[in-house]
Each structure stands twice: as structure tokens, then as C-alpha cells.
Amino acid sequence: MAESINIEELKKLAPPAELRRAPVIEGNQGLGWLTDKLSAFAEGKVPGWWWLCFIPAAFAAAVIFPICLFYQVFTGVGVWGNNHPVMWGWDIVNFIWWVGVAHAGTLISALLFLTRQHWRTTIGRMAEAMTVFSVAMAGLYPAIHVGRAWFDWFMFPIPNSNGLWPQFRSPLMWDVFAVNTYLVVSSLFWFMGMIPDFASMRDRSTTRIRRLIFSFLAMGWTGSAWQWHNYEKAYVVLCGLCTLLVFTVSSIVGLDFCTAQIAGWHATIFPLYFVIGAVFCGFGMMLLLLISLRKLCHLENIITRAHIEKVAKLTLVSGLIIDYIYLMEFFIAWYSGDPYERWVFEHRLFGHTYLVFGWMLIGINVGVTQLLWFKKIRQNLVLLFIIGLLINLGMWTERFVIVVGSLYQEFLPANWGKYTPTMWDVGLFIGTLGAFFTLYLLFVKFLPMIPISEVKGVLPQGDPHHPLGGQRKGGHS
Amino acid sequence: MNEKIYGLMAEFDTPGAVLHAAEKVRDAGYRHWDVFTPFPIHGLDKVMGYRNSNVGWVSLFMGAGAFFSVVVLIWFANTFDYPLIVGGKPMFSAPMTFVPSYIMLIMGAAVGALVGMLGLNQLPRLHNPLLAKKRFDLVTRDRFVIVIGANDEKFSGPETRQLLESLGGTYIETVEEPE
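Top line first, the protein sequences correspond to chains A and B.
If you want the numbering used here, it's the position in the first sequence, counting the first as 1, plus 151.
If you want the numbering used here, it's the position in the second sequence, counting the first as 1, plus 9.
The reader is advised that the hints may include incorrect statements.
Within a straight-line C-alpha distance of at most 27 angstroms, the following computed DSSO-like cross-link-like pairs (lysine-lysine) qualify [as the list claims (entries may be wrong)]:
1. A:Lys196 to B:Lys143
2. A:Lys446 to A:Lys527
3. A:Lys196 to A:Lys446
4. A:Lys446 to A:Lys596
5. A:Lys464 to A:Lys527
6. A:Lys188 to B:Lys142
7. A:Lys527 to A:Lys461
8. B:Lys142 to B:Lys13
9. B:Lys143 to A:Lys188
What the hints contain is simulated information worked out from the structure, not anything from laboratory work.
Remember, it's a predicted structure, so these values are computed and weren't measured experimentally.
Please construct the entire structure, taking both the sequences and the accompanying hints into account.
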């Protein structure tokens, strides 16, 4: 070679402006500043807006929720609108909706970790918390939907006096395993991620009681190289497992439907359909939580506009897959030539009872989603908030259309009926929403809602090979 | 003072500095020492000479154990103890056991990852002499600390202190071990 290219010289050339990545944190002033900033909310005084949100949420959780729950458990499923032929009503609709909300949390946290997306560090913890609390809400519905909740233990393979065992070939049985596993694994993942931050809170604590609580939670974490070495391995393993769960849990919920013979349910696309639907819905919820908490907790520098724009882009991608699946569903219904299938799908849009939901589904999930193509809209936080709200509504509608829309006109016209939810259906849903937001507000107030150690690790100050991180001339051996 | 010495701790400002110092401590021949950082530092594993963590194996064994236990459970429940005929299918077949076993594999492996991590790190640990040091509180903030243990063969108060000083360590302190 006549001229050798000096690699070191090339490295010093900064990339052109359009290729430069936005920094993960804006206004970065170092590791100590970041620690103060991220723990400020959990350590500071309880602000007014927190009480303003907490009191109604706690009222719904502590008053409406138990009343609706106990009345239903003591009286029976008949207090809901469920009746022949629509035996699956709001309870199952809400179950799928809550499972869906959970999924995006895991996807953001686990999958984006595996793909080494640094921006995920700032929103990961909030997403995980969303997962844990919404799976808890989801798990409640099937447990009481069975009617005699005190016999729920029959669903577990426990030896009993009847000498009976669960039927392990049934997807409904798999659901029991899937939802319970999801709750346990996502809680473990959430908790393990917080251990180093508990240690941080412990070391910062000013009162004895705080120190005691966080010492207990941190379990003696010191941050030694050996601890981090094992911790990182465990974290990547858990991320892999959580990613598997994203694709498993909703697939199994989808299997509950597609193993049934009902027209509108009996489709091979359902497992995938439910996974993507879940993720799409969860991104909507994530937008709501991120945009509001960013503003209320003054985290504008940490959760930057670039992060929210990325979540919006992911929402668009999952929305487009959902749109494709809708198209396929209608196409296959027509192409199958099955008159029952055709009937169900035609009546989703041109029926006489629930057609408004069918159009809402198309209007929001197909129509509104397309707004996210525009950068102006992705950067407008108010619009994104409204879009997030609409997506949640749209995906709730989708589950209603699938569950009720397929059941109310089944094969025999003599069996046709209508479904109207009762106040107990509505009350229970409001109760679960209240419980979710109560738990979430408590989490935001008392626990480190942004992973302190993880964010530090992706800053230039945390990189030993960056000038800000103390890189030495000549590098390391 | 009847307190034994646990070790000597020195503080560093940046991950680069602590990584460089760790290399030098290793090259000086110390064996019982550790680096404490607010977040995992890229390249430190290599300097410390750690090989692949065993957490993955714990997780694999717990996962595999859970998987096969559920296969056996399903065989016992639906084939042996109370044979259940469903849709004229065989009493027992591999595919029918797959989904519940696979889910319990995830459960087992996840518990294994957490338990393995805590076990290998010897957590929960109720008492640690390092946590009694005021300056050590800054490790979870923005300081990087190297501790050389007094149980190291090469450890000798003044010499070790001199080494840490020459590497740019500040706030060099003796850590006491209560009797």
C-alpha cells in the first residue's frame, strides 16, 4: 500500500450532523448530578398533583373495586351482562386488554435491552412497573370469571379429595400457567433491576427508617466488580426469558380463541394477532404514562423528545402490523367461502347492533395510527397523548368486537342474543383502573422510577474509553 | 483498638482511571482485592480475570428441571393417575406436554437467574465492613473505589497505601473489621 490510512485519525473525525445520535440525556452534568436528579422525586415532598391523581385512584381501588368484586363473587357471574349466547363479556375483554397493556412494558424493557438500545434505559423501569401492575389486574378477571372463585385452586395441579387433575391439553389451562408465570417473572425482572438502585437510595438516605427499608431491599449490594459481573449475566438471561414471555402469553390467550369453533375466532392468525395487538395497545399506554410523568416529575432532560418519538415510531410499526392483520382477517373470511365466517365479518361493519364498534376499530387502529407517519405529530406531545388515549380505546374496542361480535350471532339464529354490560361490569373495570393507577403512583413516589445505575452506564462519563470517562492516552492493555 | 484491619480503600474519579488502576493492582500481584463502581464498567471483567458467569448455568438447570418436572407431572396426572381421554388422542404424547412445560421452563429459569445471581454474590448479606465507611456511600453515586484486602499475602499497610497513592487514588482509608 502506498498510503496507509491512519485509523486513529479517522476516529477523531466526527460523523456528519444527520448521522450523529442525539445524546441519551440532555444537559448532562455528570454522574453525581444525574443521581441527584433521578432520585429527587422519590426523596422529595409529595407534590399536589400526586394527591390530585392519587385520591380518586385510591377511591376507585379501595371502595369501588372491592364492592364490585365482592358483590360479584358472593352473588355470581349473573350480575354481569354475560348471558347466553354471549358468555364471555367485559370480563374477558378487560382481561385481554390488561394483558395487552403489560406486553409493551416487557417488550420495551427486555427486547430493547437485547438489541442494545441505550435510550431504553431511561424508560425501562416505568415500562416494567406498568407490566407488573397490569398483569396483576389481568390475572384477576379469569379468576373471578369462573364463577366460584373459591374453587380457583382446582386450576392448579394440586392433589384433591376428588382425585381429579387439570386437563393439560386445554389452552384455558395453559392460560393459568402463562399468566401466573408472567406475573412472577416480570416482578422478578422488575425487582432485580432495582437492586442497585435500592443500594443507591440506601446510601443517600437521610433518615434512619429510610435507610433501614432500603438496606433491607438492597440486601447488602456493594457494587463490586464480581457482583456486577453476575448481575449483568442474570439480567441478560432474564431479558431473554421476558422476551419469550411476550410472545408466549398473548399467543396462549389467542389460542383460547382459535381452538374454539366459533366463526370469527377459528383462525390460525390469532396467536400473532394477539401478540401484536397487545404490544400496540401497550405502546399507547406507555405514551400516556411517559408524556404525563415527564411533565409532572420534571424529567424533560431525562426522557427526551427523541425517546418519546422513538416510542411513537414503535407504536406506528406495531399499528401497521395490526392493520395488515385486519386486512388478512377480512380477506380470509371472504376467501374461505365459509358463509358463517363471511356473515360474522360482514356484520362487524354492516351489522345492526355493534357496528359502531367495528367502525371505531377501523377508525382508530387503522386511521389514527397513520398520523404517526408525520414527524410534526410525533413531536407534538399533546397530540401524542391524545393518540395514546385513542389507541387504548381502539384496542379495547377491538377485543370487544372479537369477543362479543363473534358470539352474539352464532351458528343457529334461534340462539342469537344481545349483550349489554351492567353497572357491575363497568364498576369492576373502573376499580381495576383505580388499582393500577394507585399502584403506579405509589411506585413513582417511593421507588426509583428511572434506573439510576443503568442510565449512568450509557453516559459518556460512564464509558472508560471516552475522554469524559477518563480515557487515558494510548488506551488500556 | 482491638479491631482487625479488613483492607485499604482508595477512591478514583472516573471509570477510565479506576480501570487503569485495576490493571496496575493486578500487575502488582495482588489477589484479594475488588473494584466497587456505581454501574458495570466495560472491560473490568477482563481486568479482574473473570470468566463467563455461572448464573447462566444455574438458570439453565433450574429451567430444565422445571421443564422435565412438568412433563412428568402431566404424564402422572393425565395418563397414570387419572387417564383422561380427550378427542380420541393418545393418552400421552410429547406435543401435549409442551406448552405448560415450556412456560414453567421460563419460570424456573427466571427464578434460577435471580437466585443464582444472589447466591454467587453471597447476597443477602446483613453486614459488610465496607458499608460502615462514610465515603463508601459515594460508590452508588459517582465514585469508583478499589479495596485491597488485608488477607492478601502481599498486603502490607504502607506499601499498599503507596501503590494506591501512586495510581492516583484519593481518600485512602483503612477499613476496620469489627471483632
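Hint check:
no.	hint	result
1	A:Lys196 to B:Lys143	26 angstroms, holds
2	A:Lys446 to A:Lys527	19 angstroms, holds
3	A:Lys196 to A:Lys446	17 angstroms, holds
4	A:Lys446 to A:Lys596	15 angstroms, holds
5	A:Lys464 to A:Lys527	12 angstroms, holds
6	A:Lys188 to B:Lys142	24 angstroms, holds
7	A:Lys527 to A:Lys461	13 angstroms, holds
8	B:Lys142 to B:Lys13	15 angstroms, holds
9	B:Lys143 to A:Lys188	21 angstroms, holds
When each numbered hint is compared with the structure, no violation occurs for any of them.
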